[in-house]
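2 protein chains.
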Amino acid sequence: MATANASTHSKNARMKEVKKKTRLGMTFKKDASFGEWYSEVVVKSELIEYYDISGCYNLRPQTMAIWETMWEFFDAEIKKMKIKNAYFPMFITEDVLQKEKDHVEGFAPEVAWVTKSGQNDLEVPIAIRPTSETVMYPYFAKWIRCHQDLPLKLNQWCSVVRWEFSHPTPFIRCREFLWQEGHTAFATKEEADNEVLEILELYRRIYEEYLAIPVVKGRKSEFEKFAGGLYTTSVEAFIPNTGRGIQGATSHCLGQNFAKMFEIDFDDEKGEKALVWQNSWAYSIRTIGVMVMVHGDDKGLVIPPKVAAVQIIIIPVPYNDADMEAIFAACSSAVQTLQAAGFRAEHDFGKKNPGAKYNNWEMKGVPLRIEIGQDEIDGNQVRIVRRDNGSKVNVPTENMVEHVRDSLSNIHESLFTAAKVKRDACKKVVYTWEEFMTALNEKKLILAPWCDEEEVEKDVRTRTKGELGAAKTLCTPFDQPSLPEGTLCFASGKPAKMWTYWGRSY
Amino acid sequence: MATANASTHSKNARMKEVKKKTRLGMTFKKDASFGEWYSEVVVKSELIEYYDISGCYNLRPQTMAIWETMWEFFDAEIKKMKIKNAYFPMFITEDVLQKEKDHVEGFAPEVAWVTKSGQNDLEVPIAIRPTSETVMYPYFAKWIRCHQDLPLKLNQWCSVVRWEFSHPTPFIRCREFLWQEGHTAFATKEEADNEVLEILELYRRIYEEYLAIPVVKGRKSEFEKFAGGLYTTSVEAFIPNTGRGIQGATSHCLGQNFAKMFEIDFDDEKGEKALVWQNSWAYSIRTIGVMVMVHGDDKGLVIPPKVAAVQIIIIPVPYNDADMEAIFAACSSAVQTLQAAGFRAEHDFGKKNPGAKYNNWEMKGVPLRIEIGQDEIDGNQVRIVRRDNGSKVNVPTENMVEHVRDSLSNIHESLFTAAKVKRDACKKVVYTWEEFMTALNEKKLILAPWCDEEEVEKDVRTRTKGELGAAKTLCTPFDQPSLPEGTLCFASGKPAKMWTYWGRSY
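Just so you know, the sequences run in chain order A and B. With the UniProt record's numbering applied, the first sequence corresponds to residues 1 to 506, in that order. With the UniProt record's numbering applied, the second sequence corresponds to residues 1 to 506, in that order.
It should be emphasised that the hints constitute simulated quantities derived from the structure, not laboratory data. In this text, all values refer to a predicted model and were calculated from it rather than measured experimentally. Certain hints may be false.
The list treats identical chains as interchangeable, and a pair is accepted whether it falls inside one copy or across any two copies.
[Unchecked claim] EDC-like cross-link-like pairs, simulated, lysine to aspartate or glutamate; straight-line CA separation at most 20 Å:
(1) Lys116 x Glu94
(2) Lys79 x Asp348
(3) Lys142 x Glu49
(4) Lys153 x Asp348
(5) Lys80 x Asp348
(6) Lys497 x Glu224
This is chain A alone, in the form it adopts within the complex (with noise of 0.2 Å):
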């Protein structure tokens, strides 16, 4: 049975809590125990705050303007596409929402209710999307007549709910999570596979050059794909700490099956009926997670310069005999220089020691910090000081524009190779089952030798199985490795038709 978990708020139990939570610094590492690491960097940095109802979470400014900074260009890019934004009501019918067999299938189990409103129980019970396929298709039946109406292309950004699952974590696995859903519709299946392929490399590029993650772009098997659609290709990352593959956007193709259920037809250049082809693709605020994960350390977050909030912390530092008032305009000044370059530079003129801040801004992954105390004023310099390797130069002032400038670029390419050589670390290819499972068992990235065929997929699974969960395929790379003739598949030692990553996933 689902369970809501209501707190009581008693102020005193409130406050210990709060205590509890505000201890100063990480109390976990991130190798010794990754899982409370998480949990406990994300409230920390203040990204999010648990909330009373499980799998559901306060999303706090410093997400909020990260989640932003990804908004603004996709949605930009998607502009350039004519791909126009629009609103679709976040409720229901069961009778729309059961028009796809399959899709149904794959959502049914997670789909919240709303079954009262007010006192009065309602006459028929609605559900909250869970993605909404079934609930814009309709409306493209009835938008789309004769092929001058194509393409059709539709995006939005809102929150979807998936209530049922066991473990619920903060960005990665939430009963109500922010994305955004594009939605099209084509006359032909060419525009269709070329779209999904534009998109995806959005996708590739929110990772790689908005969240400094590697990740590799390719489709999922047959036993992965979105439920009801064609084909499904995705942006897939890698956690090296656990493991596990972590899909981090898809791009689907769902060819004419929507269509054919929704009546989605158009009288094409002949003046014939034929179905259009329909994509949907999304990203979501896993995002962040993937980007917690990946770079975070010890100290807390880490988070790359192009979406942080803040990306210079300017401190003061005073001593006894410190002209304070030189030292607190040095400060004011610096950070009015560095907004003039196009920076988002604060300035902490808080109560706290210069140690607790430099603590707290690491915690919450500023990438630069810099300090100015009196040899700074007398030296006419700043000290600047990297968050990813906390490496510190002192810069005439005159040249700190410059400086934090290479510096930001330099962090954000730093934090991808590093990304990059820990995942490529953990990347094994195996040709053998024994090889296979080795590999499994040391948290491997697997490339393997696949025959393609689902029911292998589904026997990898059971043979699998256990506490860590079963091994599933995360994608098949569009960058394929030669596969030398004669190649066996690893788990059926039938013909291998590709190279296939597998792996344990989020």
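For chain A, the structure is supplied; the task is to place chain B on it using the hints.
Okay, now just chain B, sitting in the frame of chain A:
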């Protein structure tokens, strides 16, 4: 009992409906049958599509473009005020929802309840937010401990659900609607009071500077204020066709009421415990409904230039012997020139004849139309037609940008002035009950001296009950005419304390 109208979506029924809906041009006249006109214009202008759950609407790109323009303005303004975006869950547990008694009484009848996930009953039913005071404030209590944590200023962009009512109207009364809701906490009442008015000024600017709609700023009566709050301010618009006031947006001071219930206290500068002062404020897609009602006409929508997704539509006008290549090229060039000058311009190269295109873009409310045919090519000019008043001028191509800039600005002014003249013509100052009833029957916006007693307002509601709904206070305008000593309340005969707007309302 609440109902959900689930349609069957048979292809035949759907096609019939489509045919009916796509009949060219408007069927209803604004003055003759306002309600039908409104329902028709919001659909035919492609702002919305009716959804198969009553009170829910598909918001189409035309709507979202308007919404996003207002969003960009408002979001940038509140960020200047150091208000940060957050996102809290859409779900609320019953015990938290019920924490503030007046508040829950105000919202309980219209709360939608989730009671099932998949096939399973939830242990306790969970509400969908009708507004987020009770969602957020337990966390305000957690995050605020000392005066340095203040002010706490958050905003979220989301949808909320208010299920129960009899006459849903697109944009105006929806079961799910988009809005922003700001929630702030301060150490002092003075700071809270100031912010209430700062935000109200932004709401005025949205209506007057973006939507070209005159509004009155004022304070709501005790009876009409926000459930659980201290006082409510609002911007009030008026719809001459129905003689109804409409609350445009509200900025509430919550006082210390919620702070008490949710134990939101802090150590002040003297180290003593104090309760915070709170505000909440919101505007919604109702703004767009008011825009449709105020500016629309018998040809369809009229969109004020600042919020129009397309500000200028450029239409080629073919004749038998015209040089169509030159005409298309001139249209494309005009689009480029206008876009480069910062305008949102498009051409319509579709297959319809020019007349049908004119009607279509007039229906959609595009502020300016540019026609280019052989005459224009020959004369090196363009023909510019205004949506609001139909005026047509030929303008030398080299002056096009300048003329467009002036016209758009002039259209905004004209729309605002026309709306103000119409509204002001409905204003009626009354002193006695008899004058009041006459004015009410004439659908006036009534300004009356009032004793400001809640019992008297209730009494007025009782005495004016009827088919069209009772008369209510709209607001007590900040801009008060002089009130000579000895002026009596129009309803109670007691000494009047203020001038207050009364009328029927949405």
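For each hint, the structure was consulted:
For a Cα distance limit of 20 Å, the shortest separation of Lys116 from Glu94 qualifies both inside one copy, at 15 Å, and across copies, at 13 Å. Taking the closest pair of Cα atoms, Lys79 and Asp348 come within 20 Å of each other only across two copies (18 Å); inside a single copy the shortest separation is 38 Å, beyond that limit. In the homo-oligomer, the alpha carbons of Lys142 and Glu49 lie at most 20 Å apart only across protomers (10 Å), although the nearest pairing inside one protomer, at 42 Å, exceeds that limit. For the identical chains of this complex, Lys153 and Asp348 are inter-copy neighbours only, at 18 Å across copies versus 45 Å inside a copy, given an alpha-carbon limit of 20 Å.
Within a single copy, Lys80 and Asp348 get their C-alpha atoms only as close as 39 Å, which misses the 20 Å cut-off; across copies the closest is 18 Å, which meets it. In this homomeric assembly, Lys497 and Glu224 come within 20 Å of each other (Cα to Cα) only inside a single copy, at 17 Å, whereas the closest approach across copies is 70 Å.
Checked against the numbered hints listed earlier, the structure breaks none of them; every hint is satisfied.
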